[in-house]
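Visitor: Fit the two chains together into the complex; they arrive one by one in their own frames, and the hints show the way.
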Amino acid sequence: MITKKKKGAAKPSRAAKPLHSAKPVDEKNGWNLRLYVAGQTSKSIAAIANLKRICEQHMPVRYHIEVIDLMQKPQLAVNDQIVAIPTLIRKVPEPMKRIIGDLSATERVLIGLDLVPAKAE
Amino acid sequence: MKTRKISPRELPKSPTGIRGLDEITYGGFPKGRPALVCGSAGCGKTLLGLEFLINGARNYNEPGVFMAFEETPEELIANVSSLGFELDRLVEKKMIALDHIRVERSEIEETGEYDLEGLFILLQYAIDSVGAKRVVLDTLEALFAGFSSESILRAELRRLFQWLKARNVTAVITAERGDGTLTRQGLEEYVADCVILLDNRVIDQISTRRLRIIKYRGSAHGSNEFPFLIDDGGFSVLPITSLSLDHPVSSEIVPSGVPDLDEMLGVGGYFKGSSVLVSGTAGTGKSTLAASLCRAACSAGNRCLYFSFEESPNQIVRNMRSVGIDLRPFVNKGLLQIIANRPAAYGLERHLVSIHKQISEFHPSVVVVDPITSLISNADRNDVLAMSTRLVDFLKAEQITGFFISLSSAGGSLEMTEISISSLMDTWLLLRDIELNGERNRGVYVLKSRGMAHSNQIREFVLTNKGIRLLKVYLGVEGVLTGSARVAQEAKEKEIALERAQRSEAVAAELERKRMSMEVRIAAMRAEFEAEKLEAGKLISQDQRRLGRIEADRAAMALSRGKNGAVAASRGKNGKNGQARSQGL
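Same order as they appear, the protein sequences are chains A and B. For the first sequence, the residue numbers in the working numbering are 1 to 121. For the second sequence, the residue numbers in the working numbering are 1001 to 1585.
Chain B extracted, bound-state conformation (with noise of 0.2 Å):
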């Protein structure tokens, strides 16, 4: 999470060093002023103050005072080795000093006038001791059990809080909530320069400790409610929502594992950094779509986290390896971490903070958590939201590609999610059951997908021994086939089919053969046309040939007129010769 930059004009501030508390005070506690940290019993004002004076010494380079007035030097070094601090180690290097003021009120007699004088000797006698910049009073109520004159105290209060800010340190003050009010003695008018509620609330048997920035003069804060916890790392506050939404974008492609789905969502695959969401009832295939991204994201050699909160580490390996996918190489390799958890083992915090945790731990580059609605068992659904908030904006500040499963309730719209936190998702893709014939099949949409130009159509989903294919459903009168619906209506395509070429086949042999008997037809035709034109030619040169005789004759007989006699024999010549010619005609 990004600091914000700090203009000149605004307060100096006083880092704490713990996480989450110096975002939402935008730097820490006001510099050189007091700060009152209130709550009741048990919610983490010392180590609140304890980590503030450590994280000064460890990191700032700010010696600090911590003036118990409960628990004793001893005391306070035990509990806090446990959270791994070395408390004794700094005190020996003059980097904090304990002091422990033990005021019994059965042990003192008060005669007449008295101030507390002591106490700022004492405070300066261990600011000097070590240069201390920072200062922590635990708790003012001890102070207070241990003197009977109110007006008194009061009075020395308000010089205290004078004192501590003319010292130039930083100091918190910490005091047990009264009723009604934020402190029994109203101390909050004091130190009105900063005040910080802490809060631990049990809701269903399971705690949650809160933080609340009451007031922050001359700077601005987060005003919520902001969860915080204490674990074995110390004290850590969750900011609801990273401030700002800024993170930055990539349009890199991160594939989903399934080329199916790759082709679907028009890009191949999700974008880098984004969130997707998968939501559907049970065994729709949610997590076997998570492990397709496992896989492909550590085949490509990077780095993935799995959130289970329903299935142990090896029951996910084992499942998955039914539909081919075999997460045990990579598992064994360290690509991929599957870390279980109960949801009700702990607070919704609790769990925000060991996903946080484990991320920035491990450096993955795809987290999945499955899935996330088992956490609403946890608490209500506000916080579930917030707390997906919270992680979305954090995956996407780490440019880490989230992978969230939803599982809906049935019966319910399968459009609403659960935590309605499809808002906050870039794609989300929608897994539902198709009852048809008896039959229950999946059926996976598209129903977001920023910046892609995604498929609409419903895809039937199935899992193979090879993983996960996606296959174009048919649409019938009764909507879209899926099943063995779709297996019949393949075969009866398939049929149709045949039978349509069988018919073209047919109908092109007959075309053939009649063809071929108009072929057979035609030549008859020009057979018997040849023949005639034989025929006819044969007659054509016959009376030409008669022509040129009669031509012949008639210029002979034109001879014979010349000659009489010899037009005689020719007429008698020309009579024979033409009986004997029509006869041979």
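Chain A on its own, in the form it takes in the complex (with noise of 0.2 Å):
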């Protein structure tokens, strides 16, 4: 399911332009996000623009963004034991991190996402 969307991959060489971090990496050693959302609501969309950002700007390796609809697919809640909505779930590298809200608070998002060195540099 990870790697059925490639179009994450295509994203990092687009942010790799503009920002000097980012070079596109083996996906083995890249990351996947998953960001589970429930129908178009606006905290969906919001997250979904915002974890784009994030990436773009702060993300040092190769990644790949999975977007679940729960709406369509409420079993998938299961495995991650999704409560809150949106979540953002980074599974690789572990330990898995677990990011809730709109991701509105880039800070949060790169403390949780341990990204915050990158963004020092």
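Hints are computed from structural coordinates only; laboratory data are not their basis. Among the hints, erroneous ones may be present.
Reference listing, derived: stretches of chain A covered by chain B, where coverage requires no fewer than 3 residues with Cβ under 8 Å from a Cβ of chain B [unchecked claim]:
(1) 76 to 86
(2) 90 to 102
(3) 107 to 114
Each residue gets a CB set at the ideal place from its N, CA and C atoms; glycine is no exception.
Guide: In structure tokens:
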């Protein structure tokens, strides 16, 4: 499922152009981000936009974003035990990170993703 | 216990299947609505929720969803398997969906606006997977702990409860008790339909769990605090009083096993299904009276259950044999079951439940509790009274004759039972010591016996090697006489009677003698009279003869006057005759 969407792979290359750190990396060494939303609510749309923006700006490695709409696939909520919406999950690399909210607080998202050093650089 | 008839106007309910809880809620939790169960840690909230689901799945064909925020499904299954619930089996059969959501604050980074739509989706998914009619959320505190924004949580919870109502599932939400409030988050305002508070108190080192229905909209409910317990059978609530006083009555008689007592009671025994209280100080023969009843009932083929809080079963059997009551054959035959427990073994409620359980399993017709007062050491009097009331009600409802032994403390008034349960009792026998002449003897009387013309006498209670005898007591100047005083009195009376008998014999003999002497005298007088009578008869006949001769002479003289010569001659003759006659006389 993660490898199904290749769209995310294109983004870092796009982001890499305006910003210094992003380079296309082997997918095994990259990040897999999964964003759970429920329907096209304002929070969901904001979260998707914010995630893309943050990744474009701060992501040092190759990454992959998967957006899951639980309205369409509710069974997917079980595995990752999604209570809050939206929830961003970073499964790889370990440890698993869980970030909730519309990702509007960029700094908190970066802290949550352990991306602060990247920003400081 | 009877379930109340539910009128169509009443709120539809979802039975919990938990013993006692359905009775005090008149049928269960409100159907299709959320109910809140709150209480401090370890008081049984999770178990209550689980049993609600398990019973629903097993007995009412209502599948359920258990959403745990604390324990994992494996833990839950293991925890309740010791109670005999095969939760895993129900999960396999798709009757119950177990869902565990781990919410760890440290792993969650909050970055702006969010809601709990995921929870709703998870719930909906779980509900759909088994077609659930019941939902349990356990506990909300764990969910609350995971998120920092209280305002979002509150708004989402309100939405959740509305959502649950809209799904028409009966939900049980558990919550930790707060300081001074029912729940830490003030949840009761969201789930205002039915709020149940669980409590675990420790008094004198014995813990008692209590349950109270704080509110139940649209339904009557028991408003008291009800003890409940969690034992190997799960959760059970004990209604303090059965809610009505309408148990059936019987005029069938249960012999007491003591013929003299049967006679004192006036109808030949106790009424079936009545409660009998025997009170008395130590060593007055209360247990023996109980054993007599057991023997009588078992001999008639009935079952007896004997709860002993002082003696072991073997000790009871041995001791009763010494007064000629052999209980061993009944124990062997399984008619008599003696269950001995230390009063302090566990709390009152546990005792009551164990009594209930034993009774429902054994189906006895007579139950003895020996003594009910020893349970006082465990709890305060009100509790014991409440427990006794519950027990008496239960026995009456089951038409079981209850025999309660109450140990009175020396010095107190005998008419006052320690736990003032006498008013619950139909028959009250009082055994008392009578101290006299350096002896201690037992007296018994029937203080009350409802519906019987019972004796007002005090009888002496004597334990013989053939059982109990109740003897009539003697009233002396110093009160009733018992024991050797009675024996002395009996001897004295015998002596007096003997004396009296001897005296009347003597009087009779004297009279006889007098009669005989009188008769002798009468005979003598009669003989004398006869003699006189004979004499008188002779005299009379002589006189008559003389009179006749005079007449004859006169006639002869008249004749001779007519012939003078003849007259002279006859005169001479007459003269001679006259002389001779007078000489002859």
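Visitor: Look at each hint and say if it fits the structure.
Guide: Results for each hint:
no. : hint       : verdict
1   : 76 to 86   : holds (count 8)
2   : 90 to 102  : holds (count 7)
3   : 107 to 114 : holds (count 4)
In this structure, none of the earlier numbered hints is contradicted; all agree with it.
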